[in-house]
Amino acid sequence: MSKILIRGAKVLGGEVQDVLIDGETVAAVGTGLSAEGAQVIEADGQILLPGLVDLHTHLREPGREDSETVLTGTRAAARGGYTSVFAMANTFPVADTAGVVEQVWRLGREHGYCDVQPIGAVTVGLEGKQLAELGAMHDSAAGVTVFSDDGKCVDDAVIMRRALEYVKAFGGVVAQHAQEPRLTEGAQMNEGVVSAELGLGGWPAVAEESIIARDVLLAEHVGSRVHICHLSTAGSVEIVRWAKSRGIDVTAEVTPHHLLLTDELVRSYNPVYKVNPPLRTEADVLALREALADGTIDIVATDHAPHPHEDKDCEWAAAAMGMVGLETALSVVQHTMVDSGLMNWADVADRMSVKPARIGGAEDHGRPVSAGEPANLTLVDPAYRGPVNPAGFASRSRNTPYEGRELPGRVTHTFLRGRATVVDGKLA
Amino acid sequence: MKRHLISAADLTRDDAVLILDTAEEMARVADRPIKKLPTLRGRTVVNLFFEDSTRTRISFEAAEKRLSADVINFTAKGSSVSKGESLKDTAQTLEAMGVDAVVIRHGASGAPYRLATSDWIDAAVINAGDGTHQHPTQALLDAFTMRRRLVGRDAGLGQDLAGKRITIVGDVLHSRVARSNVDLLHTLGAEVTLVAPPTLLPVGVDHWTCDVSYDLDSVLPKSDAVMMLRVQRERMNAAFFPTEREYSRRYGLDGERMARMPEHGIVMHPGPMVRGMEITAEVADSDRCTVIEQVANGVHTRMAVLYLLLGGNEPAVSHARPVDSETK
Numbered sequence: 036m037s038k039i040l041i042r043g044a045k046v047l048g049g050e051v052q053d054v055l056i057d058g059e060t061v062a063a064v065g066t067g068l069s070a071e072g073a074q075v076i077e078a079d080g081q082i083l084l085p086g087l088v089d090l091h092t093h094l095r096e097p098g099r100e101d102s103e104t105v106l107t108g109t110r111a112a113a114r115g116g117y118t119s120v121f122a123m124a125n126t127f128p129v130a131d132t133a134g135v136v137e138q139v140w141r142l143g144r145e146h147g148y149c150d151v152q153p154i155g156a157v158t159v160g161l162e163g164k165q166l167a168e169l170g171a172m173h174d175s176a177a178g179v180t181v182f183s184d185d186g187k188c189v190d191d192a193v194i195m196r197r198a199l200e201y202v203k204a205f206g207g208v209v210a211q212h213a214q215e216p217r218l219t220e221g222a223q224m225n226e227g228v229v230s231a232e233l234g235l236g237g238w239p240a241v242a243e244e245s246i247i248a249r250d251v252l253l254a255e256h257v258g259s260r261v262h263i264c265h266l267s268t269a270g271s272v273e274i275v276r277w278a279k280s281r282g283i284d285v286t287a288e289v290t291p292h293h294l295l296l297t298d299e300l301v302r303s304y305n306p307v308y309k310v311n312p313p314l315r316t317e318a319d320v321l322a323l324r325e326a327l328a329d330g331t332i333d334i335v336a337t338d339h340a341p342h343p344h345e346d347k348d349c350e351w352a353a354a355a356m357g358m359v360g361l362e363t364a365l366s367v368v369q370h371t372m373v374d375s376g377l378m379n380w381a382d383v384a385d386r387m388s389v390k391p392a393r394i395g396g397a398e399d400h401g402r403p404v405s406a407g408e409p410a411n412l413t414l415v416d417p418a419y420r421g422p423v424n425p426a427g428f429a430s431r432s433r434n435t436p437y438e439g440r441e442l443p444g445r446v447t448h449t450f451l452r453g454r455a456t457v458v459d460g461k462l463a
Numbered sequence: 016m017k018r019h020l021i022s023a024a025d026l027t028r029d030d031a032v033l034i035l036d037t038a039e040e041m042a043r044v045a046d047r048p049i050k051k052l053p054t055l056r057g058r059t060v061v062n063l064f065f066e067d068s069t070r071t072r073i074s075f076e077a078a079e080k081r082l083s084a085d086v087i088n089f090t091a092k093g094s095s096v097s098k099g100e101s102l103k104d105t106a107q108t109l110e111a112m113g114v115d116a117v118v119i120r121h122g123a124s125g126a127p128y129r130l131a132t133s134d135w136i137d138a139a140v141i142n143a144g145d146g147t148h149q150h151p152t153q154a155l156l157d158a159f160t161m162r163r164r165l166v167g168r169d170a171g172l173g174q175d176l177a178g179k180r181i182t183i184v185g186d187v188l189h190s191r192v193a194r195s196n197v198d199l200l201h202t203l204g205a206e207v208t209l210v211a212p213p214t215l216l217p218v219g220v221d222h223w224t225c226d227v228s229y230d231l232d233s234v235l236p237k238s239d240a241v242m243m244l245r246v247q248r249e250r251m252n253a254a255f256f257p258t259e260r261e262y263s264r265r266y267g268l269d270g271e272r273m274a275r276m277p278e279h280g281i282v283m284h285p286g287p288m289v290r291g292m293e294i295t296a297e298v299a300d301s302d303r304c305t306v307i308e309q310v311a312n313g314v315h316t317r318m319a320v321l322y323l324l325l326g327g328n329e330p331a332v333s334h335a336r337p338v339d340s341e342t343k
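Each protein sequence line maps, in turn, to chains A and E.
Note that the numbering used here has the first sequence beginning at 36, numbered continuously upward.
Note that the numbering used here has the second sequence beginning at 16, numbered continuously upward.
No wet-lab data here; the hints were simulated from the structure.
A hint or two may mislead.
[To be verified] Sample of chain A residues lacking proximity to chain E, with all beta carbon distances greater than 10 angstroms (derived):
1. GLU145
2. HIS370
3. LYS461
[Claimed, not checked] Quick partial rundown of chain A residues pointing at chain E, CB under 10 angstroms, derived from the structure:
4. SER230
5. TYR304
6. PRO306
7. ARG393
We put the beta carbon where it would ideally sit given N, CA and C, even for glycine.
Using the sequences plus the hints, can you model the full thing?
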């Protein structure tokens with residue numbers, strides 16, 4: 036494998052340095068580096084981050100290849116600066132057996148754009164009734180450590196307790212989609228002032244908060260760790276903050292869209308804004324940003340949820356829930372967290388690479404940018420400004436809420452184990 | 016006038032008064048031996064009903080026919096929709112047949128808004144009720160009925176409902192009629208009070224332009240009009256209230272309660288009534304109850320809406336003479 040010299044990059048947004056990649060690893064970091072025969076990339080002061088890690092991606096394969104495949108999804112991930120994505124289990128068939136998770140993992144390997152770490156279902160068929168073979172999925176080639184029924188809540192308290200306990204045997208973690216099902220029957224949007232006016236079924240904050248409260252107490256009781264998917268309300272932040280202050284082993288993620296968008300957008304009845312959990316209020320958005328900055332919320336995860344055009348080109352109630360996010364996540368985070376002064380680029384590396392890799396056990400990812408480490412790297416041009424153009428997405432789906440919106444920053448290069456997957460913003 | 020009628024909240028006071036005044040003119044047409052105007056001759060209106068609603072559809076159909084429009088009725092049952100065709104494809108198919116306006120009733124809140132604001136079709140869109148969102152022509156016919164009864168048929172022309180106290184009772188949570196009425200009555204200067212058990216009021220109702228009470232008896236003496244909303248018996252199964260009898264006792268309107276209203280006060284209901292639930296037969300059949308008038312007024316009001324949205328620059332009804340006056 037050849038050598039690549041990235042010249043003049045601000046590593047984690049700090050000092051301008053040169054980074055030499057030799058084969059699959061970072062060979063040297065310093066100033067004035069040179070290397071015979073190396074391909075030189077002039078970073079010109081761009082930001083160099085460890086390759087991003089997404090703990091919450093829907094790749095849709097197997098079963099819904101009309102909306103995304105492992106290939107198109109990992110290409111989208113590479114364009115977004117990701118070197119590792121965790122693929123959710125709600126496929127058809129559900130990823131609740133060693134066979135399915137191995138298939139998804141292997142497809143990721145074969146395509147080579149981004150590592151794919153399958154997430155295993157907690158319960159058979161995501162039905163919340165019987166534990167799936169969690170140990171078998173862990174022992175498979177895919178080495179599953181994160182388990183989630185995402186899309187559905189593990190609402191039975193006993194099943195949740197057992198899952199939390201069981202995965203301790205092999206260091207697993209349960210990622211909960213916190214949604215009390217009875218409180219959200221027929222739910223279409225955040226319950227509040229806007230839903231009252233629009234006549235859309237309400238998804239109350241308490242339906243999320245009550246499950247999080249229960250689960251952190253369960254985790255405390257059985258001495259397990261628990262991860263909270265797509266936390267979306269100010270009240271949830273308070274509960275997680277309280278749990279952490281008690282020493283409970285809880286981690287939480289927030290999506291880029293919950294850091295930026297509010298339920299006011301639903302007034303358009305445009306289903307690109309339909310997502311689960313729903314867009315909340317301005318007060319929630321501000322609380323989530325603050326919590327991400329102070330570390331109460333550990334990570335940003337995209338909840339990248341591709342849907343075919345027809346599933347969004349319809350009336351609100353008939354539309355699917357979800358937004359694509361891999362190719363816009365970093366821009367949204369720069370806009371809401373960095374440009375607003377709440378975080379610096381080292382914080383971005385922490386929330387979008389280091390911590391998600393640690394929670395998910397992706398050992399080769401989220402590493403320091405230093406000699407001897409795997410060369411999983413992302414180069415970002417933070418000065419770029421431009422409107423989001425879904426036609427240019429690598430994802431098979433276009434259901435973005437940001438079409439035409441001007442967002443800052445652009446991933447110019449992504450390196451997966453020393454191989455460029457993205458060069459000058461284009462797939463390599 | 017605007018191009019579409021999607022929400023009562025979109026109407027200004029002047030828009031609304033113009034519609035009510037025009038509806039009065041339309042009402043005069045109904046008194047003629049030949050109840051027909053040439054205004055929409057050659058225009059095609061489709062009644063696109065995805066939900067069963069015989070009353071509203073017939074009311075629109077009568078209004079369209081009295082304006083000489085060509086009318087197409089489309090109901091979802093037994094159509095391509097039941098075979099999985101999307102709203103978009105259905106609407107585009109109808110428009111390809113040369114439709115000028117779409118009157119749509121749909122179970123999904125926002126479906127008419129989508130139809131009007133997406134690039135699916137060019138036709139004018141009139142909302143005939145969407146989910147639990149809006150039913151603007153119902154609010155207009157209710158306002159028309161109130162103005163006639165509380166201000167006067169002739170005295171009301173050019174007037175709004177300033178200072179009138181209107182009480183709306185029942186299942187506000189699931190009611191597009193309540194939402195539309197709160198919006199329009201506020202625009203027209205009326206003071207609205209909603210009365211319901213707390214379970215049947217939406218979270219967020221405190222931001223509406225109205226008062227809220229849980230106690231019907233305290234509100235009745237100061238109500239110029241009381242509008243009773245239908246309460247579906249099935250709601251009881253979802254624990255919105257304990258029993259039908261308890262609901263009737265606390266929120267139903269019977270003769271004794273009606274007697275607490277001011278003498279001029281009227282009782283309204285958008286229909287269909289559930290007698291014995293929210294309203295007793297004694298009240299429903301009394302002179303103070305305007306249910307039948309509301310039905311008649313519905314046709315006048317919908318004629319006015321269709322005329323103002325589609326009639327363009329053609330002369331108003333007051334200048335129109337039957338059939339021979341058409342100008343192109």
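Hints versus structure:
1. Against the 10 angstroms criterion, GLU145(A) stays outside the reach of chain E, whose nearest CB is about 36 angstroms from its own CB.
2. Listed as a non-interface residue, HIS370(A) keeps its Cβ farther than 10 angstroms from every Cβ of chain E; the least gap is roughly 27 angstroms.
3. Against the 10 angstroms criterion, LYS461(A) stays outside the reach of chain E, whose nearest CB is about 31 angstroms from its own CB.
4. Hint status for SER230(A) relative to chain E: holds, with the closest Cβ pair at about 6 angstroms, below 10 angstroms.
5. For TYR304(A), the interface hint holds, the least distance from its beta-carbon to any beta-carbon of chain E being 3 angstroms, beneath 10 angstroms.
6. Below 10 angstroms, beta-carbon pairs count as interface contacts, and PRO306(A) has one with chain E at about 8 angstroms; its hint therefore holds.
7. For the restraint placing ARG393(A) at the interface with chain E, the shortest Cβ-Cβ distance is roughly 39 angstroms, beyond the 10 angstroms limit, so the hint is violated.
Violated hint for the displayed structure: number 7, the only one.
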